[in-house]
Each structure stands twice: as structure tokens, then as C-alpha cells.
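Q: Sequence:
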Amino acid sequence: MVNFRISQHPVKALLCLLVLMAGTLPSMSSWGALTVEAPKPGQFRAPFDKRRGIHSYADLVDATVGAIVRINNWQKVEHKDKKTKKKEYRLEPASLGSGAFFDATRRLAVTNHHVVEGAEKLTVLLSDGREVPARLVGADKMTDIAVVQLNESPAQALNFVDSSTVRTGDVVFAAGSPVGLDFSYSMGIVSATQRSLGKGGVEAFIQTDAAINGGNSGGPLLDTAGRIVGINTLELAKKGKRTIDGIGFAVPSDIVVRVIERLIENGRLRRAYHGLEKGASLAKLMADKSVRKILLKELKVSVDSGVFVMEIKPGSPFFNAGIRKGDIITGAGEERIDNLHDIVNFVSMVEVDNRYPLVFMRDGAPHRAYLSFSARHELKPKGKTKQYLQFTHHFHAVFTEQPKRFDRSDTCRGVSVAYVDEKKAVGKNRLRVGDIVTAVDSKGIHDLQTLDKSLNGRRLEVPVVLCRKDRKMTLSLVP
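Residue numbers (mature numbering (1 follows the signal peptide of the UniProt record, and there is no 0)): -32 to -1, 1 to 447.
Among these hints, one or two may not hold up.
What the hints assert, rightly or not - Lysine-lysine pairs mimicking DSSO-like chemistry, simulated, CA-CA at most 27 Å apart:
1. Lys246 - Lys293
2. Lys53 - Lys421
3. Lys268 - Lys252
4. Lys281 - Lys252
5. Lys440 - Lys54
6. Lys421 - Lys411
7. Lys268 - Lys293
8. Lys281 - Lys268
9. Lys261 - Lys293
10. Lys440 - Lys421
11. Lys265 - Lys252
12. Lys293 - Lys257
13. Lys257 - Lys246
14. Lys54 - Lys44
15. Lys50 - Lys440
16. Lys53 - Lys109
17. Lys440 - Lys411
18. Lys281 - Lys109
19. Lys252 - Lys293
20. Lys109 - Lys54
21. Lys48 - Lys421
22. Lys261 - Lys246
23. Lys440 - Lys51
24. Lys246 - Lys109
25. Lys18 - Lys44
26. Lys55 - Lys440
27. Lys268 - Lys246
28. Lys257 - Lys268
29. Lys44 - Lys55
30. Lys281 - Lys293
31. Lys293 - Lys44
32. Lys50 - Lys18
Keep in mind the hints are simulated off the structure, nothing from the lab.
Whenever a hint applies, use it, and build me the whole structure from the sequences.
A: In C-alpha cells:
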């Protein structure tokens, strides 16, 4: 039997009571312009096709399919020659996903981080049948969002709509290439919004029963006006031994827009950590009568939502802003704070080196402070981070910096050929995928910058030294 001296230590008493009730409390992990189109009356409202005498969304498909793409992720695969037993590496398709153009002028498309992860080469299939190379602009694992840029312009681009206007019951369409079935559409409704799966990262998913299968990842979730309300990211296929159908999730467009803006600018997101090590949803605490009594009478709580702070790290951004044990955080930035996920989502999207307003309750009275996130609060990635390869285009071929782990010898260092347009490349003296260009006009090539300087503006034949299957050779490239 534990006796509490509530009148003297109400905060300690509440903490002890919560520990006894829950065993362990939820632990919070330390995490660290585009124009959003306002909602307008939809152009496509289950239209009736008088000629055929049926209701159809075919016009919506026709109006959006030109912006849908299939993304192929190529990776180097080790092979062993059966006769010589020598190892060699070949670029092969490792996986595929979907994407959608949002900026036709800059040829930019959005997709998932996991669709492009680990790629040595990216190619994109357009709805008109063209397959073109693409380069990675930037990717963010926490939100599973990435931006790619193509060498050629799309037929069209889609607009984003403010996902805060999305309601449960709205009709939506998932577009993409499920299991390799290119440019497919499935129809459903929004089953829920602000859904959290407890997987960590930024979680405020739109749940839908529109079919989302392997290959749909990175494709858009569209409303009946053909606007992007979210980017499809995963399906809930199994829970234990049960197979689950009709449950898919999309990253809402308001998060997508904020992420792609920063990816275009910096190629990555710099994130801060908050320092709140333990906390609890006030609404859940108030549901228990004994806890509610302490909150109302002893701590003078006058709100019904927020995050009750239970442990905070000294020197962290929230600590430096004045937050202490027993405080109730109700707002941060322009966001209302109701639970732990709201804190994580807010901090995950803040800009390092900026200040944000913070609203909290203490002893029944509201307080206002400012959060400052500096570089020293930046969340550093753990372990080795995959460096995505950049690309340049010359002589009907796409070049990329040679992956270090595939360096063959000191005499074969240069830039790799990742893609060759076989229809435009002419003559016997042409490049092949896997060639390593080591010199142009007798000048050594060490990276994409030196290659660009050597080939930019060239209109005549150019002598190039390269390695092909560990054999050095010289070609005369024709523009």
C-alpha cells in the first residue's frame, strides 16, 4: 500500500500513480514555396455519360493519367561467370514504384523514399510510353517522401489540395502501377484521417479502402477533382496470422508539400530533437477518475487536451524554453497539441535555426514561450547514410559518379555510364551501360563536374578513353 501526500507533492503523486497504473509510460523518441490549391467545386462528380448511358470517372482518368509515372529502381547485382569464376556487376531492375508530376516546368515528380532507396540508376515510364532517365533531387526517410527530376517534360502535372479539408467518407482514387500493372486506378473512400500506426516518424496518415498494392507506392491519392490529397505509402496486409484487405495509407498533402519544398531547396531535411523523454495524453489521463481528481484539484488543470510532461532532458529545446515536469503543452508553432504524435510531427517538420511559439499550462494558468532549434539540436542520422548518385547527360547517354564499392582498379577510375538511348546513339563506337569513362581529349575525368567541362558544347567527334569489362579502349563519340 502506497500513501501519497498529495497536498505537498501533487506532481510526484501523479507520476507515481501513473507508473503504478500503466507499468511503463509511453516513451517519446527524439526526433528532430509550393502553393497549395484551395478546395474548389469538383469538375468530376460521378458524371453521367449520356452516350453510353452509364456513370463513369473516365474523364477524371483522362485528365490525370498524363502526370502518373512508373519508377524503376536499378541496382548493381553481383554475378559470377560460370567458366572463369570471375565476379562482375550488372545493373538490373531491383524494384518498381509509382509517382506523380507536380511541376511540369521543372520536370519534377514526387514518390516514396523507399521506392528510390539504394538506386544506382532511376528510369521513369511515362503514360505515352517513353522511358527516360531521372535523377534524385532529395529523399526523406521519416516521411517516406522523395523528389525526382526527369530529362524530358511530362504531358501534364497535378495540383495539391489542402489535406486538412479531407473528410472521412470522401471518394478517392489510388493511381499507379500495382504489381507492375501500369497506370491503374482503384476507387474507394477516405476511411479515416490523422491515423497513427506507431511506427515512428511523421504519422498523420490518410486511411483509405482504395486498393493499394505493391507498386502503388509513391503514386497519388486523388480526389474527385483529380487533385492530390496524399501520396500512397503502404498497405496493411497482415496482422498476426490474419490477412487484411482494404486498408491502405497515404501521406497527407500538407506534409508532402512542406517536405518537397525543402528537398528541392536542400536535398534533405535538417531535423531537431525535442527532449521530451516521457509524456502522456491529457485526454487519456482525465478518463481515469483518480487521476482526474489530482489534475483538477491539486494541479488546477483547466484544459481537457494537451501533453502532460513527465520527463524532460536538461539543455534540450523544450527545457530551454521553460518546460518542466507537470506542465501541459497545448500548442506549438501553429499546431494544436493533443497527444504525443502531435509533438513528434511538429518537431519533425520544424526548420533548424528558427523560433516557434509554444503554449503550455502550469498551475492552472496559461503561459507562452518560444522554442529555438539550433544546429546543435539537429538530429544526426545513425550509422552510414546511403549517398544517392547524381547524373549528367551527354551524347545520348546518362553518366553517374562511379560507386566506390565497385571501383575495379586504380587505372579504371572515372564516371560510369548508367543509361544509353539506343535509338539515338549511332555507329559502332558508342557507349554501353557499365562503361567507365576515364579521360576525354587526354584529360583525366574524375567526377561529373570535369566531365561536364570536357563535353559541354561539343559538336564534333570526341576521343574518349574508357574501361569496359576491365579492358581499356578508346572511342570517338559522335554528338
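Q: Work down the list of hints and note, for each, if the structure agrees.
A: Here is what the structure says about each hint:
no.	hint	verdict
1	Lys246 - Lys293	10 Å, holds
2	Lys53 - Lys421	39 Å, violated
3	Lys268 - Lys252	17 Å, holds
4	Lys281 - Lys252	24 Å, holds
5	Lys440 - Lys54	18 Å, holds
6	Lys421 - Lys411	11 Å, holds
7	Lys268 - Lys293	15 Å, holds
8	Lys281 - Lys268	25 Å, holds
9	Lys261 - Lys293	18 Å, holds
10	Lys440 - Lys421	22 Å, holds
11	Lys265 - Lys252	17 Å, holds
12	Lys293 - Lys257	21 Å, holds
13	Lys257 - Lys246	22 Å, holds
14	Lys54 - Lys44	16 Å, holds
15	Lys50 - Lys440	23 Å, holds
16	Lys53 - Lys109	38 Å, violated
17	Lys440 - Lys411	15 Å, holds
18	Lys281 - Lys109	25 Å, holds
19	Lys252 - Lys293	18 Å, holds
20	Lys109 - Lys54	36 Å, violated
21	Lys48 - Lys421	37 Å, violated
22	Lys261 - Lys246	21 Å, holds
23	Lys440 - Lys51	22 Å, holds
24	Lys246 - Lys109	24 Å, holds
25	Lys18 - Lys44	53 Å, violated
26	Lys55 - Lys440	18 Å, holds
27	Lys268 - Lys246	21 Å, holds
28	Lys257 - Lys268	15 Å, holds
29	Lys44 - Lys55	12 Å, holds
30	Lys281 - Lys293	10 Å, holds
31	Lys293 - Lys44	52 Å, violated
32	Lys50 - Lys18	64 Å, violated
Of the hints listed earlier, those the structure fails to meet are numbers 2, 16, 20, 21, 25, 31, 32, in rising order.
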